[in-house]
Structure formats: structure tokens, C-alpha cells
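Please model the complete structure; the sequences and the hints are all you need to start from.
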Amino acid sequence: MAAGLSCALTMIAPAQAGQQMRARLVYCGADSCLRLSGYRARATMIVRIGGRDLAVEGDRAWQATVPLDVARAWPIARNYALRVVLVDPDAGTERAETVMLPPGSLGSRTEIASLTISAR
3 MAAGLSCALT
13 MIAPAQAGQQ
23 MRARLVYCGA
33 DSCLRLSGYR
43 ARATMIVRIG
53 GRDLAVEGDR
63 AWQATVPLDV
73 ARAWPIARNY
83 ALRVVLVDPD
93 AGTERAETVM
103 LPPGSLGSRT
113 EIASLTISAR
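One gets the numbering used here by counting positions in the sequence shown from 1 and adding 2 to each.
Mixed in with the good hints there might be a few duds.
Pairwise CB distance ranges, derived in the manner of DEER restraints [stated by the list, open to error]:
#, residue 1, residue 2, range
1, Ile-119, Pro-69, 33 to 41 Å
2, Ala-115, Ala-32, 37 to 45 Å
3, Ala-121, Ala-63, 49 to 57 Å
4, Pro-104, Thr-46, 27 to 35 Å
5, Arg-50, Asn-81, 14 to 22 Å
Treat the hints as calculated values from the structure; they're not laboratory data. Just so you know, these numbers come straight off a predicted model, no measurement behind them. Ideal placement from N, C-alpha and C gives every residue a C-beta, glycine not left out.
Written out as C-alpha cells, the structure reads:
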């Protein structure tokens with residue numbers, strides 16, 4: 003029986019490892035957007051970022067496309083990571099996951115009026 007359980011656990015682990023949340027930049031009209039995608043145990047689970055519910059498309063496999071102006075207001079953790087919480091209202095539980103953001107995706111832009119470069 004222990005061998006059967008061990009076999010079942012090794013079959014589940016690789017399947018779940020490939021279902022991590024991810025973030026990438028995409029074009030949406032004239033602007034760029036951040037597309038988040040992931041998997042949840044039930045389609046009724048709420049995806050939440052920074053205490054606010056995120057409008058997602060899909061059932062268990064979900065995705066959300068958000069303009070960068072909106073995403074830049076989210077609380078970002080160190081190393082450009084975003085904390086996403088999956089809330090199960092039926093069970094009363096929640097699970098947090100960390101999503102790595104594309105480099106520079108939510109950085110602020112600074113307009114430079116002039117730049118002086120001198121040789122030494």
C-alpha cells in the first residue's frame with residue numbers, strides 16, 4: 003500500500019509543478035498590458051491581488067489581462083514578485099502564491115529633460 007501511495011504522489015507532483023501562475027507582457031490596443039494566468043481547484047475561487055478581486059476569464063484555467071497603469075498600483079514584493087491570493091468562499095480558505103513579474107514590467111518611467119555626459 004505504501005508503494006501505491008508513493009507512486010500516486012509522484013504522479014501528482016509533476017502535474018502541479020507545471021501549473022504555476024505566470025505573468026507576461028502583452029499588447030492590448032495601443033498600450034501594453036500584464037497578463038496573469040494560472041490554475042485553481044474550482045472555478046468559483048476568487049483571484050485577489052492587494053486585497054481586491056481580479057476579474058478573470060476561464061474556469062479552473064484562468065487568465066486576466068490588466069493595463070499596466072492599473073497593475074502599477076499593485077503592491078509589489080521584492081525581486082519583482084506579485085502576491086496573488088486564491089480565495090475559496092465555499093470552504094472559507096485562501097492560498098497565496100508568488101508570481102514573478104517580467105523584468106521592468108511595472109517599473110516607473112522618468113522623463114528626462116536633459117542628460118549631460120562627460121568624459122573623464
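Cross-check of the supplied hints:
1. Ile-119 x Pro-69: 33 to 41 Å: holds, 34 Å
2. Ala-115 x Ala-32: 37 to 45 Å: Violated, since Ala-115 and Ala-32 (Cβ atoms, about 25 Å apart) do not stay within the stated range.
3. Ala-121 x Ala-63: 49 to 57 Å: Since Ala-121 and Ala-63 have Cβ atoms about 55 Å apart, the given range 49 to 57 Å holds.
4. Pro-104 x Thr-46: 27 to 35 Å: holds, 29 Å
5. Arg-50 x Asn-81: 14 to 22 Å: holds, 21 Å
Hint check: a violation occurs at hint 2 only; the rest are consistent with the structure.
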